[in-house]
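Colleague: Here are the chains, one letter per residue:
Number of protein chains: 2
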Amino acid sequence: MPEMPEIDAGRVEEMILGLAAHGAHSGTGVWRTTYSPEWVAANALVADWGRAAGLSPRSDAVGNLWLRAEGREGGKAIVSGSHIDSQCPGGRYDGALGIIAALVAVEALIAHFGHPRRPVEVVSLCEEEGSRFPSAAFWGSRAITGRIAPEDLISVTDHEGRPIAEAMRDIGLDPERVAEARRDDLAAFIELHIEQGPVLEAADLPVAVVDAITSIRHRVVRLTGEANHAGAFPMRFRRDPMAGFAEIASGVIDHAHRLGAPAVTTIGQIAAEPNGAAIVPGAVTFTLDSRHPIQGEAEKMSSAQARLMEEVAARRGLGLSVETILDHHACTCDPALVEVLRSAATEADIPHIVMASGAAHDSQQIAGVCPVAMVFVRSAGGRSHTPEEFSSLDDIVAGIKVLAGGLYRMAWA
Amino acid sequence: MPEMPEIDAGRVEEMILGLAAHGAHSGTGVWRTTYSPEWVAANALVADWGRAAGLSPRSDAVGNLWLRAEGREGGKAIVSGSHIDSQCPGGRYDGALGIIAALVAVEALIAHFGHPRRPVEVVSLCEEEGSRFPSAAFWGSRAITGRIAPEDLISVTDHEGRPIAEAMRDIGLDPERVAEARRDDLAAFIELHIEQGPVLEAADLPVAVVDAITSIRHRVVRLTGEANHAGAFPMRFRRDPMAGFAEIASGVIDHAHRLGAPAVTTIGQIAAEPNGAAIVPGAVTFTLDSRHPIQGEAEKMSSAQARLMEEVAARRGLGLSVETILDHHACTCDPALVEVLRSAATEADIPHIVMASGAAHDSQQIAGVCPVAMVFVRSAGGRSHTPEEFSSLDDIVAGIKVLAGGLYRMAWA
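Those protein sequence lines, which keep their order, are chains A and B.
The opening residue of the first sequence carries number 55 in the working numbering; numbering runs sequentially from there.
The opening residue of the second sequence carries number 55 in the working numbering; numbering runs sequentially from there.
Isolated chain A, as found in the complex (with noise of 0.2 Å):
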């Protein structure tokens, strides 16, 4: 392997800077919803930014902003890239870092070694968080896939019922045109992204290459009793969903503290009704998150806790309700895209780990269409989705080294 080009630290946090002043919000955060003015200046300035590397800018049908190096040889591209919207507020990083980390690659390697191979391409998603379009999460990697339904346009709507096609008009794309987003001209996706977590933190590591993104469910239960006087009914009258509640609660979590890592299973929302301090509810209403990388794992896991809030409600005289909401598959990596990655980062000397994705990926989705993988940058304190979110410099440049020692052996070696 010739030497890799040095990665300019003074010109990536230039970089952050800079994209994070589109929409910046709460000190250190960000607030920049897909279409918004801030997201079609961001874009822009990613925009001049590729020119300035020699790549072309183009923008697809639903927004995505691609950046172009041919190649001598053609063929599909390999592409790296992430998505350049924000939660509400959210942090400089999350997202921002994956578009910024591609440009400063492909650049370095064009500086240092001319244009590559094959054509490579820089993207800058659109909506992966559904912070504007709440049901539109990975809106730009599913129109790269054709996975957006031509009733989408007006279904998916924003906070205020204002549906996204309207939305796309305001900035100049034509809904009609969706479609035309959808690639099969695509060999590779690698994406650069924070880790969201304490993994990296507490291995004392700058990096991680990932080898499987999260399956997730989202599933809402509902368990109904009978709503009673807090007072005037005894114990052993009670069909009180809270109770049974807190037995189901207590059981899918220590299942996954069981189960150990990877599995996750989180309970992040409640209700009770009528949710008076002096009433026993009636009805008991909250999410059941479950994660695993390997799907087969992930059905365990849901089986096991269908069988447990069955037996619970059953033993308890409580009805109880299940539906899934949100069913994403795990995804696993290009196991040779991985291992390009790995060498990439033992020949850099990165010290890094190989795990699995907690947290969705546009990844994910692109996966539908080609190979994938990804580059974790360690989080502080494993903070995102707030304006406290941070990656150190260092954790970044070695992040893009892993990033373009990859892309090296993808497309100019």
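In short, the hints are calculated from the structure, not lab data.
These numbers were taken from a predicted model, which means no experiment stands behind them.
A portion of the hints provided could be inaccurate.
Stated by the list, open to error - Per label pair, the in silico range of CB-to-CB distance: (1) Ser209(B) x Arg312(A): 46 to 54 Å; (2) Glu442(A) x Ser209(B): 33 to 41 Å; (3) Val408(B) x Gly371(A): 39 to 47 Å.
Don't be surprised by glycine CBs; every beta carbon is placed ideally from N, CA and C.
Keeping the supplied structure of chain A fixed, place chain B upon it in accordance with the hints.
Modeller: Just chain B now, kept in the frame of chain A:
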């Protein structure tokens, strides 16, 4: 004992329906909040009934309506009654039945035995439920015991933020004179009320004599951990207040089950923050309603709950704050009065039990100025605070007979 007067079931039914017409709601329900036009009209009807029975009506400074029969020998008054305000909506029986029962009993006793030896009063109490003025529960009975502070008149507000003093002036009451509502000339208070629970129905009995009224302690408990990404945070890194809540909820509810009746514990209100399906909560706040009719036992329950909460919070690294927002002490009914009501029931051949009340009642307040006891009438399905609340006319007549027998022994014999 002489033969007791007959109770005219038809007349009782007529009165129940007559009173329920003021604030009629949802078919069989009543929506009659304190100082509302319906409330004024209902009290006017009660005053009319009182006059027709030969009693002298008088409204006190907070709007409690007193109907008095002077006693041949004078002395302190024997009083019976209950509250005339309802939940929003409540049923036809909670409160109202105690006023009707007292009127019917006193009217029958006067008709049968002539004027009493000691003064007898029927009382229609105001704002027991706190359904219009949430912090004014037991407003009427608190006035009788002198437990209303001058500042309460301004700080106690309705759901629109209007001070109770203004609502009093609207119907011609003078808030400046609240202290005059205090009574120090009461010899005994007997309240007939629906059970609001399932105990009599399960025992297949029409009535109970109440020998104690529960303590009630409401605590607001807040567990704080760390809000984290539901996917990126492995279980072992979490400080999850929902997991702590589940363990505490199971623990305190199971504890009440193990203690058995009359101990009860309820978790009726809960909120998670930020309450997102894919976010490990940063905080869980819930109410803990804990009751026992023996104060010492109630204190033991509270201590055991506190120990559990502290142990769970410490072990899980969670913050814990506990605020007591309501603390009604247990009330032991006067043993002599309980005995009087039991012999009245036995003599009238009415099968009954002696039990504690798990709900709070005006009697608990009035115990501050005179001996109290209560008569419970069976509730269908144990239901109350709903238009579906129901007690049969047979059970109601049985309850009135017990009350009349008691009043006879106290004021006529």
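Colleague: Hint numbers the structure violates, sorted upward?
Modeller: Number 3 - this is the single hint that the structure violates.
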